[in-house]
Amino acid sequence: MRAILNHFHPLNKLKRERERYLANHEVPDNIKALLSAPLPSLDDDIFALDYLSVDFETSGFDPKSDSLLSVGYLPLIKQQLLLSEAVETLIQSAENIKAETAVINHIVPEMLEQGKPWVEVMDTLLAESVGKVLIVHGSVVEKRFLNHYIAINYKLPPLPLLWADTLQMEKSLHMYKDDSATDDFRLGSIRARHNLPEYSAHGALVDSLATGELFLALLKIHFEGTDSSVRHMKFDYTRAL
Amino acid sequence: MPQTLIPNIHDFLSKIDPFDKLPQELQRKIACCIKISYLAKGEQVHFGGEHELRYLYVIRTGSMEQRKHNGMLRAKLGAEDLFGFTFLDEHKESQEDYSAIAIENTLLYLVPHSDLLNLLDEYPDFAEHFASNVQVRLHSALDVVWSDSEKGVFVKKVSEVSSDKIVVVDSSTPIRKVAEEIMAVCSPTAVITENGKIIGLVTDRDMTKRVIVAGLDYNRPVKEIMTPNPLTVGPNDLVLKASSIMMQNNVRSLPVVEGNNVLGVLTTTHLVRNNRIQAVFLIEKIKYANTVADLTKLTPERQAIFEALVEGKVSGDIIGHVMTMIMDAYNRRLLQMAEGHFGKPPCEFAWIVAGSHARNEVHMLSDQDNAIILADTATAADRIYFQGLAMWVCNSLDACAYPLCSGKFMAVNPKWCMPLKVWKASYSKWVANPEYESLLNVTVFLETRWLYGNESFNKELQAHLFSSIKDSHVFLSSMVRDSVSVNPPLGIFNSLVLEKSGENSKTLNIKKFAINLLVDLARIYGLSSGSEKAETMARFTHAYENNLLSEEMLKNVQGSFQFLTQVRLSHQLSALKEGKVPDNNIIPDTFGSFERKHLKDAFRIIADLQEYTKLKFDRQ
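Residue numbers (this note's numbering), protein chains in the order written: chain A, 1 to 241; chain B, 1001 to 1620.
Honestly, the hints are just simulated from the structure, not real lab data. Keep in mind that a hint or two might mislead.
Stated by the list, open to error - Result set (EDC-like, lysine to aspartate or glutamate): computed pairs, CA atoms no more than 16 Å apart in a straight line:
#1 Lys1041(B) x Glu1065(B)
#2 Lys1177(B) x Asp1206(B)
#3 Lys1223(B) x Asp1206(B)
#4 Lys234(A) x Asp45(A)
#5 Lys220(A) x Glu1043(B)
#6 Lys220(A) x Glu1104(B)
#7 Lys1577(B) x Glu1301(B)
#8 Lys1241(B) x Asp1317(B)
#9 Lys220(A) x Asp45(A)
#10 Lys1223(B) x Asp1204(B)
#11 Lys1029(B) x Glu85(A)
#12 Lys1041(B) x Glu224(A)
As the list claims (entries may be wrong) - Now the in silico label distances, taken between C-beta atoms and shown as ranges:
#13 Arg239(A) x Ser1099(B): 25 to 33 Å
#14 Glu26(A) x Glu1025(B): 44 to 52 Å
#15 Ser200(A) x Glu1025(B): 18 to 26 Å
#16 Ala33(A) x Asp1020(B): 38 to 46 Å
#17 Asp1020(B) x Arg239(A): 45 to 53 Å
What the hints assert, rightly or not - Among chain A residues calculated to face chain B with C-beta under 7 Å, some are:
#18 Gln79
#19 Leu81
#20 Asn195
#21 Leu196
#22 Tyr199
#23 His202
Ideal placement from N, C-alpha and C gives every residue a C-beta, glycine not left out.
Kindly produce the complete structure, drawing on both the sequences and the hints.
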């Protein structure tokens, strides 16, 4: 019985999807490394996994018409966010920066000229992601732009990666509660509810840090006093959006 | 390693002590090696025994509790508080002293020990701020507040303010030649030597008085008009010491001398250049005041001096000394005036001061503690004279803003105006029956200082006190019991003072719950080691010299006493500036992270010393 349940656990489904993906597609070594790294097993402790908290700054929601401006991420290992390994890179591409986005992100075309090429930045991110669960807050932007990159650069369909979305985790906390006060799911507002400090600056790295801290807090709440094995964690398995 | 700047982390660190003392570059480097962790309520920090797993912890949000292994609360910590300094000590065993538990959900920044040590190797000047040792940390805190450039002239060395223009002549030099040299060099003073040894001094004033007015032959050797065995100061003496020598002896210049080498001269003019020496002038004015009304007019000036000293970040013990010298001057002058009113005293007596006045620790809140020791021959009629005199002096001091003592420890109280033999009998009784006599009522008289009249009375009385204590088995231990019955708070938590009982109060009475505890302990150590000096720090130092305290403890206590005194004086200053009556109740909201951290260190040192003292004197 347990074996059957395990078989249908989304994590094991993801495992099979990865195997199929590797079998059906001709993939370069870096993608192969990413997809063949072992996924967590259902009995692992959720607190013992390695994570990478990621945030993209973009000029809009549509990768076809908008551009990726900067990428920020930092690892979360053994329940500690490591600032020493934090990365923030601007993408070298002066096209398509809308004035209003530049204001929000404080990124202007001149700054982007100092950035690194798209391919280099994204491939570094993929390399960093090997063996890690990706943490994002509201996964739409990150997934779309990552899928877009994989499609353009490798001519491949979206990668079967393992994600954790702090926005979904927070919403699930309120699912069975009837409190209309909590319909504000902006990162800053959620953080304030969990007694996390206000981060006034805005940027890919700061946001990925803010997301990582929130993830730590949410994990503690979700698994307080209960079995913290991976089988009880609601990861985000959606690929395309 | 990508040195990506995370402005939020850097901003936060740069505002809290001790990171705010570091250069930006170092702050940034430290920020870059931080690890962030989150503790749910009730979760405990796992202190790594391994060297590389040790951290300095900074609370970003939330709150924590430190408990000793026996479960006793050690401290409560809130946002911006740091802990884990003790783990920074490389030699420290991995065994931890305490555990740390989150009492709310807490976001923690962890600075890895090994990274911090490597960075501090690059910036050795800042290593003290992270010392594992509280005493070193307190010391560096004081340094920051009292930088050398800010120190007033009192704490400068004589060599820093004196002039090197001075005439040195042989004793056989004709007076006229000496006068010419004095004029040529523009020095008010000539030092007279004989065979290379300093034997005398001549000032321009002496020339007028002893030569011109006396009609003396200018060709006589200068030896005939010099002042023999002159007062001198050393180049490394404090200006405070030099100025008090000048005041006590009524001289206007002092040669600066090292061995038999004349280096220069210090004159009142040199002191005037810095207005903080106005204390000297106030004392002059007090000396020449003719009425109580004249004296009362000087109160604002006294307050101005106090404010200048506190603002000038002069150390607390020096402020105490200066304010004491001023209070002494008032008291002496009033006694002289009183003798003018009431006539010559009918018998020998000594006017002594007690408490903080005797300890040279006067500040703006000090009230008067004084007493009279009469000669044993005093008659009933004599006592009536002194009652009148004391009444007048005490009330006049009150008029000069030295309030009457609420405990009535004043010469005006017949109990404290007694013949020497009665005083001695009282001391014997107190020492023999400390419980019965309720020690707390008389501790103020466990330090006395002679101020006026027959000094030997006070000396005899003190000798009697010390020998009585030596013979007593119960006295010191019962003093210890009394003094450790009040404990310092555990720390400042949010805007509350956390008391050991677990209760909170809204204000910190820094006198009752910190300074007095040290003063009491110092008294115990001073009396048990027979210290003649009554200053709190002098007593601890004497105890250390007599092996009652370790050097480590002495330094710890020194740092915390200075820090607490400084906090108290600054608090008084700000009250005065707002036109309020200063008190000892400090509202924790006014503390920055700097004060909170260092107060906590100071409280811990007091608590440790209380524990140590309890054990030490119980065994005896």
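Quiz item: Given the proposed pairing of Lys1223(B) with Asp1204(B), does the C-alpha separation stay at or below 16 Å?
Solution: Within the cut-off at roughly 15 Å; holds.
Quiz item: Does Asp45(A) lie within 16 Å of Lys234(A) when you go C-alpha to C-alpha?
Solution: Roughly 14 Å separates the two Cα atoms, so the pair holds.
Practice problem: Against chain B, run the beta carbon of Gln79(A) and see if the smallest gap drops under 7 Å. | Solution: 6 Å, holds
Quiz item: Could one say that the CB atoms of Asp1020(B) and Arg239(A) fall in the range 45 to 53 Å?
Solution: 48 Å, holds
Quiz item: Does the nearest C-beta of chain B fall within a distance shorter than 7 Å of the C-beta of Asn195(A)?
Solution: With a closest approach of 5 Å, the Asn195(A) hint holds.
Quiz item: Is it true that the C-beta distance of Arg239(A) to Ser1099(B) lies inside 25 to 33 Å, as the hint says?
Solution: Since Arg239(A) and Ser1099(B) have Cβ atoms about 45 Å apart, the given range 25 to 33 Å is violated.
Exercise. Could you say whether the range 18 to 26 Å given as a hint is met by the Cβ separation of Ser200(A) and Glu1025(B)?
Key: 23 Å, holds
Quiz item: Within 16 Å, alpha carbon to alpha carbon, are Lys1577(B) and Glu1301(B)?
Solution: 14 Å, holds
Self-check item: Satisfaction of hint between Glu1043(B) and Lys220(A), Cα-Cα up to 16 Å
Solution: Given pair Lys220(A), Glu1043(B) holds - Cα atoms ~10 Å apart, limit 16 Å.
Exercise. Could you grab the alpha-carbon distance between Lys220(A) and Glu1104(B) and see if it respects the 16 Å cut-off?
Key: The given pair, whose Cα atoms are some 12 Å apart, holds under the 16 Å limit.
Quiz prompt | Cβ separation of Ala33(A) and Asp1020(B), checked against the hinted range 38 to 46 Å | solution = Since Ala33(A) and Asp1020(B) have Cβ atoms about 45 Å apart, the given range 38 to 46 Å holds.
Quiz prompt | Satisfaction of the Tyr199(A) interface hint, Cβ to chain B closer than 7 Å | solution = Hint on Tyr199(A): holds, closest Cβ of chain B at ~5 Å, below 7 Å.
Checked against the numbered hints listed earlier, the structure breaks hints 13 and 23; every other hint is satisfied.
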